[in-house]
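Asks: Chains as they are written, first to last, in my numbering: chain A, 1 to 261; chain B, 1 to 308.
What the hints contain is simulated information worked out from the structure, not anything from laboratory work.
This structure is a prediction, so every number in the text was calculated from the model and none was measured.
Please note that a few of the clues may not be correct.
Stated by the list, open to error - In silico DSS-like cross-links for lysine-lysine, where the CA-CA straight-line distance does not exceed 25 Å:
1. Lys-3(B) - Lys-109(A)
2. Lys-18(B) - Lys-103(A)
3. Lys-38(A) - Lys-103(A)
4. Lys-206(A) - Lys-250(A)
5. Lys-18(B) - Lys-109(A)
6. Lys-28(A) - Lys-250(A)
7. Lys-103(A) - Lys-250(A)
8. Lys-139(A) - Lys-246(A)
9. Lys-304(B) - Lys-152(A)
10. Lys-109(A) - Lys-250(A)
11. Lys-103(A) - Lys-3(B)
12. Lys-152(A) - Lys-307(B)
13. Lys-139(A) - Lys-152(A)
14. Lys-139(A) - Lys-206(A)
15. Lys-28(A) - Lys-204(A)
16. Lys-246(A) - Lys-206(A)
17. Lys-152(A) - Lys-127(A)
18. Lys-204(A) - Lys-250(A)
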Amino acid sequence: MEAGVEGTLLKAEVRDLDFFYGAFHALKRVSMPIYDHKVTALIGPSGCGKSTLLRCFNRMHDLYPGNRYAGGGIVLHPDDTNLLAPGVDPIEVRMRISMVFQKPNPFPKSIYENVAYSLRVRGMTNKSELDDRVESALKGAALWGEVSNRLKELGANLSGGQQQRLCIARALASDPEIILFDEPTSALDPIATASIEELITELKEKVTILIVTHNMQQAARISDFTGYMYLGEMVEFGVTDQVFIKPQKKATEDYITGRFG
Amino acid sequence: MLKAADLDAIRAIITRAKRWDLFFSMLGILSLMVGVLTFTVLFVDMAIQGVPRLSYEFFTSFPSRRAENAGILSAWVGTILVMLVTALSAVPLGVAAGVYLEEYAPKNWVTDIIEINISNLAGIPSIVYGLLALGLFVYYFGFGQSILSAGLTLALLILPVIIVATRESIRAIPQSIHEGSYACGATTWQTVSDHILPYSSAGILTGVIIGMARAIGETAPIITIGALTFIAFLPTAPFAGDPPAGLFDWILAPFTVMPIQMFNWTSRPEAAFTVNAAAAGFVLVFMTLAMNGLAIYLRYQLRKNIKW
């Protein structure tokens with residue numbers, strides 16, 4: 001399909017997706033592949049539709065009236081489910097694809113309960129099973145060492161970077177197929193940002209990652225594939241190195257070199 | 001380069017502009033005093049008149065034709081029982097309605113009309129509720145002039161307050177928490193029961209107490225449904241008497257409440273009854289303040305663990 005993708009499997013495909021906020025045409029026939037166990041980054045200026053596209057993946061738009069998927073879809077492999085099909089329950093979609101938000105949003109509950117929540121909604125009640133899964137999720141989010149002896153404390157007592165890793169643990173606990181990151185480091189300081197970036201690169205061993213970022217260096221550092229969006233359209237999609245070193249489109253080059261945006 | 005003259009000019013401007021700060025803070029303090037002082041004067045006056053009258057017998061005696069023997073036993077028991085019925089019916093109804101409107105209701109014109117009407121309901125004179133209750137509860141449902149009728153009437157009266165408070169405190173929960181729950185794969189009910197209700201309970205509680213504090217002093221609708229002004233017995237306690245009363249027999253008993261007792265006493269010509277009314281008023285205000293104090297304490301306890 002794209003250059004340099006031999007041996008990588010498709011995890012999902014966006015096909016000719018159109019999306020409206022009321023009368024505003026926010027996504028215009030967007031298509032892109034998401035490769036299995038890779039990090040795919042979406043970049044572009046504010047308002048270009050990158051977050052809108054990300055939030056289609058877990059049907060967050062369904063929470064608000066006036067939002068409309070108007071054609072095309074997102075097909076999840078290997079079962080070929082169209083996530084946006086009317087018959088597909090958004091809750092089922094969210095159980096397969098979890099999300100980490102822009103600003104850390106731990107629930108005002110204990111650290112333990114924050115991570116356990118995504119398991120509890122899946123009906124898990126067995127204490128020792130929960131303990132194990134919470135521990136491995138916190139280890140996966142590189143937070144276990146810092147919180148193992150204070151699991152009963154409020155999540156909000158952690159630092160910003162720790163809170164974001166707690167949210168990553170929460171997203172990870174349910175063993176999702178894809179994790180969506182919506183500008184996960186924009187509210188964090190440089191040191192916390194570095195640790196989250198390192199974590200994301202480690203996480204792709206376990207899970208497919210789609211990340212929206214307004215920081216191009218971040219996209220270049222951590223992603224395998226990059227999509228550049230502008231005004232609701234996917235201008236260019238490709239292997240990250242190629243998009244950054246030898247973009248095919250003039251518009252992409254202008255954005256990346258800072259002449260625009 | 002800044003000249004000394006310029007600096008003086010700037011300082012003069014600041015001094016002039018700051019006079020408005022002074023003026024407004026004075027105005028603010030005065031406005032505040034109107035409310036606070038009025039209440040304080042009323043309360044102190046009532047306390048001076050009424051407190052000497054307070055005694056153990058005052059709380060344990062029924063009303064009497066002789067002022068010095070009269071007490072508020074039936075009134076305070078009635079008030080507490082009526083408030084119990086009010087709370088037990090208004091809180092579940094109000095919270096459920098509020099949660100539905102915020103979390104479940106589709107955003108369309110029907111919902112809009114309902115929303116406008118709820119705000120309007122809060123502004124309807126309480127005597128209108130009394131008339132409604134007289135027709136509906138007293139006669140149509142046949143509850144009679146009972147604690148149940150009074151409790152339900154006051155519940156209707158404070159329902160809008162509780163609905164509005166519920167909605168406001170749900171809206172105070174950040175959208176990100178809301179989305180976080182849904183993103184975990186929670187259903188709407190899971191989001192409501194695991195997050196929305198626990199995090200908004202402090203605000204809801206405040207609304208409930210404000211509503212109850214309003215209800216406890218209501219006189220007009222209670223008189224309208226026909227509460228007695230002179231009552232010399234208590235509702236039967238559960239399982240008391242022979243044959244034993246049922247658990248909820250008291251709910252259909254006739255009753256009186258504190259404000260009606262006060263109203264009754266103030267309309268008597270003898271000065272001694274005015275003193276009784278002041279004493280009862282002091283107790284009523286004390287009950288209201290105690291409820292508010294409880295609300296502040298519970299709100300503090302509930303909010304301790306809520307941080308975003």
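Asks: If a hint holds in the structure, say so; if it does not, say that too.
Replies: Evaluation of the provided hints:
1. Lys-3(B) - Lys-109(A): Since the Cα atoms of Lys-3(B) and Lys-109(A) sit roughly 59 Å apart, the hinted pair is violated (cutoff 25 Å).
2. Lys-18(B) - Lys-103(A): violated (39 Å)
3. Lys-38(A) - Lys-103(A): holds (23 Å)
4. Lys-206(A) - Lys-250(A): violated (35 Å)
5. Lys-18(B) - Lys-109(A): violated (46 Å)
6. Lys-28(A) - Lys-250(A): The hint holds at about 20 Å.
7. Lys-103(A) - Lys-250(A): violated (33 Å)
8. Lys-139(A) - Lys-246(A): violated (38 Å)
9. Lys-304(B) - Lys-152(A): Holds, at roughly 15 Å.
10. Lys-109(A) - Lys-250(A): With a Cα-Cα distance of about 49 Å, the restraint between Lys-109(A) and Lys-250(A) is violated, given a limit of 25 Å.
11. Lys-103(A) - Lys-3(B): violated (48 Å)
12. Lys-152(A) - Lys-307(B): holds (15 Å)
13. Lys-139(A) - Lys-152(A): Judged against 25 Å, a Cα distance of about 17 Å means the pair holds.
14. Lys-139(A) - Lys-206(A): OK: Lys-139(A) and Lys-206(A) at ~13 Å, within 25 Å.
15. Lys-28(A) - Lys-204(A): violated (29 Å)
16. Lys-246(A) - Lys-206(A): violated (30 Å)
17. Lys-152(A) - Lys-127(A): holds (15 Å)
18. Lys-204(A) - Lys-250(A): violated (31 Å)
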